[in-house]
Every structure is written in C-alpha cells, then in structure tokens.
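Here the sequence shown stands for residues 20 to 531, numbered as in the numbering used here.
Certain hints may be false.
Below, computed lysine to aspartate or glutamate pairings styled on EDC-like, alpha-carbon distance capped at 20 angstroms [claimed, not checked]:
#	residue 1	residue 2
1	60	390
2	236	336
3	93	312
4	179	263
With beta-carbon atoms standing in for the labels, derived distance ranges [said to hold, decoys possible]:
#	residue 1	residue 2	range
5	450	497	44 to 54 angstroms
6	236	179	15 to 25 angstroms
7	270	306	52 to 62 angstroms
8	508	179	52 to 62 angstroms
9	525	233	22 to 32 angstroms
10	501	169	45 to 55 angstroms
11	135	529	18 to 28 angstroms
12	435	135	27 to 37 angstroms
Since the hints were derived computationally from the structure, they do not count as laboratory data.
Bear in mind the structure is a predicted one, so any value in this text is a computation, not a measurement.
From the three backbone atoms N, C-alpha and C, an ideal C-beta is built for every residue, glycine too.
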Amino acid sequence: MKQNLNRRDFLKLAGLAPLGLIAPPLVKKLSEYNPLQGERKNALVILFDSFSASDINLYGYERETTPNLSRLAKRAVVYHNHYAGGNYTTPGTASLLTMAHPWSHRAFRFGARVTDEYANKSVFHAFDDYHRVGYTHNPLANTLLMQFQMDMDQYVPMEKLFISDDGLIRELFSKDEDIATVSWTREIKRSEYGYSYSLLLSHLYEKYKDLQLASYKSAYPNGLPNTNGGNYYVLEEGIDWLRDQIAEFPQPFFAYIHYHPPHFPYKPRIEFNDIFTRDSYKPPAKPDDLFTEDNSYDTLANARARYDEFILNVDSEFGRLFDTLESSGMLENTWVALTSDHGEMQERGISGHVTPTLYQPIVRVPLMIFEPGKTTGSEIHTPTGAADLMTTLLHLTGHEIPEWSEGNILPPYADGAPKRSNLVYTVQARRNNVELPLTEATISQVVDNFKLIYYIGYPELEGLGEKIQLFDIQSDPEEMNDLSVAKRETASELLDLLKIKLNEVNRPYQSG
C-alpha cells in the first residue's frame, strides 16, 4: 500500500535532496464486529475487473480456476447468464452504477463520464440514507466514482491501495494537476523509448520506485500487478484494507469495491504461477473474426493460461475475505454481491476486451448474491443484465427503485414485480460521438436462449454497412455456429426489435 508524501517531501525529491526510502511498515488491525440490531441490512458489492464467466469452473469451464467460488456457491444465488452493460470498464461500470444502458448514460467513450443528466442518478444517490463508500484500483472506474463523489460519504482515493503510483502529483498539485502531470512525465518518468528530459531525476525516481517494490518482488515472479504500467498494487493488501475498514463503516452502509484483477497484465502471486501454462487443456480452436488482431492460437492459449492463473489468485483472495466476514459476524447483516464490469477474450485472433466484437467471453460475467444469514442458495438461468444488480439491492434493502433505473428486480426476489423488459443488452460504441446517434456500434441482445449481435457503421463492413450474427447460446455456448441464415425468421424478428429500440434511443440525438 502506498505511503503518503507531503508537498514538501516531493519538492525535496525534485530538488535532488535525499528522500527517505524506507517507509514505516503498514500496521493492520482486525476489528471485531458486532452485528447491528434491526431490520436495515448493509449492502457490499465486490467487483473484480475483466472477470469472464467463460473462465470460471463454477460456470462449466474445464480448468479449476475458482475452487472457492464453487465452495461458496451452495449458499449463494448463482446467476448463470448474467451480462455486462459494455465491453470495457467505462460503459460496463457506468451501467452498473446508474442502472441504465450505455445509450442512456452515454459513458461509452474511453475515460468518459456520464452525462450531466445522470451525474446525480447513481446508486450512491439512491442509497441516500446509508453510509456510502466507493473505491476502485481502475483509473477509468475512478473517473466515474469521482463524478459521483457528491453522493458518497466516503470516497476512497484510487492511490490509497497502490504501492507505487503517479497519484502524488494529483494530491500535491491538485490546483495545477494538468501542468504538474505533464512536467512530472517529461522530467522524471522515462518514456517507452527509455529517456526523459532529466536523466538524473529519472534515475532517482526509478531507484526510489525500485526500493518501494523490492519487498514484493519475490512473491511475484512475473512482476507486480499494475494499472497503466506504473501504478503497482497487490490484491491481498486491498483485501486486507477492506477487511480492516468494513467494521468501521457507520451502519447501515452501501459499499462498492472495484478491484483491478484479473485485468491485464496477468500477474498472479508465485503460488498460482505456472499452474495452467503446462497443463493438458487446449481451448477450442475458432476461426478468425472479421475484427481479428491476428494473434496466433498458441499466443492466445498462453495468454489464457496466464489469465486463468490470475483468476485463481482472485478466487483465493475472495475466499479469504468471505471467510473473514463470516467469522466476524458481518454476513449476518450484510448482502454481498460478487460481479464484474466485463469479461476477457483470448480467441478468434483477438486478445483482451477492447474490440468491436461481443462474444460470450467478453459480455458474460459472474454474478453471485449472498443473502444475510442464509446458508442455502439457488441457481438462476434466466438472462440478466448489469442494470439489474443495483436495482435489486435497492429493493432488498427497502429503498424505492428510482424512476431512471432501466433494470429489473432479479429473481428470486421480484415477488411478482413487472419486468421492464425481457431483453438484455450490451453496447460497444467506443468511437461514437456521445452527442450524436449511435452510427458506429455493436449491440448484443439476449432473449431466452438466443443472442443477436448487430454491427453497424464500421469501416471493416465495407459496403454492407451492417452485419448480424445469431447464436443459440444454450446449445452452442462457444458460439461456433452462426444461425442468422439457418434461422432467418428468428434473426429478422430479433433484429426488428433491436432496430426499434435503437431508433428510440437515437431520436433525442438526431438533428432536425
């Protein structure tokens, strides 16, 4: 975890004055918890970034990547067909937090915020009588948390759980952040080509950073987990922080904790390293997609093994957190949800998740809900979406569902409440102007066992302008057989429904 520097210390570093290189050790405190008496339950959402249901053995994956989730599943409601709102952090997280689709909140460009209209339409605003806490490792999600900060009682700065980061620039020079960040990057940080404007300052900074990280390196043979190549963290410290802090939250509370793993770069602890890289599992070979990145099968298979090892690391830490919460008594009075903002893909020549494609590994994510004091669970196979989770938690804690929510109350908690829609959407529109209609986008629409993927406006489509795919995701979970021709009538009906919806959401952004 990062140790704080004050402004004076930073200026000493910039002036070549000696800098204390050994920070005081982190003192951890495990607080005892006494369950709150009364009816109002807490709500805790744990999100692991880029966590694909396709790589979780609880959901049928061949590798045993999640023994703890499998162990705990018997006491949870497990959702087998849950879908992210977008294909990467910005739209996926915004849909979770606003309970709205990307075409409504408009945070679908890289690093975007939601529109001004949605700035006070978050789950934090809806939990206005609770103590509200938000934290994330992820800079894109942090942009959204900062936007919603006015409706939080406890916004935890992203840098809190970093070992080494660039956040001290934002802390020390908050009034001049832009110019300070540029100056820091030019003078001290080395570029990708290995040079900076000041070689001496850069060398001092690298030495200081190396000393900060040295004590962790033996536990991470492939390097430490990080965001943006420089903000280093270890998941166990993030879990320890939550374990220690949660007993101090005023009650009742709503807490949204968004951890970065298993997001790339895949850097598991040593005990999880190389567990899958030499096993006998061979992912199914799939043809290259129209949007292929030309990665070879072997390259993708190796990346998937590393990703799966990072998932194993995540599973271990979640199991540790859950067991601690249980032994403290916290689970007697707290709803706990585990989910993700999007998935990850290593197939069809494509690696990662920033792609126009919306295949299952990218859009299908885990969702498990643990009910306070309950030790038996159930399984839900109905398709569900990102907007549903917070809508449901509000319902379960006795809050009104806000009028802006586009989500449904999840089964088995709906109690006969009418559904807003049976259609589940995921939207990719990263290059579309937020102030204009969606004209370059991918939208997936799931209903029952069918999934339609609609592509529009991409240069790769050439003269076609649009393309559809149709999959029966129940009988063909690997999406090997496009049924858009064989089941032309079904494809046409689903496409008509999607175009009606697209015309509806585009209308406010059309000129004239």
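Going down the list of hints, with the structure as the test:
For the hint linking residue 60 to residue 390, the alpha-carbon distance of about 10 angstroms falls within 20 angstroms, and the restraint holds. Among the hinted pairs, residue 236 with residue 336 is consistent with the structure: their alpha-carbon atoms are about 19 angstroms apart, no more than 20 angstroms. At most 20 angstroms may separate the alpha-carbon atoms for a hinted pair to count; residue 93 and residue 312 exceed this at roughly 40 angstroms. Distance restraint check for residue 179 and residue 263: the Cα-Cα separation of roughly 14 angstroms lies within the 20 angstroms cut-off, and the hinted pair is therefore satisfied.
The hint said 44 to 54 angstroms for the Cβ distance between residue 450 and residue 497, and at roughly 28 angstroms that hint is violated. The hinted window of 15 to 25 angstroms between residue 236 and residue 179 holds, with their beta carbons roughly 22 angstroms apart. Judged by the Cβ atoms, the range 52 to 62 angstroms given for residue 270 and residue 306 holds: they are separated by roughly 53 angstroms. The hinted window of 52 to 62 angstroms between residue 508 and residue 179 holds, with their beta carbons roughly 55 angstroms apart.
Checking the proposed 22 to 32 angstroms range against residue 525 and residue 233 shows it is violated: the Cβ atoms sit about 54 angstroms from each other. Distance hint for residue 501 and residue 169: a CB-CB separation of about 46 angstroms, consistent with the stated range 45 to 55 angstroms. A C-beta distance of roughly 20 angstroms is found between residue 135 and residue 529, which places it inside the suggested range of 18 to 28 angstroms. Distance hint check for residue 435 and residue 135: the Cβ-Cβ separation is about 36 angstroms, which falls inside the suggested range of 27 to 37 angstroms.
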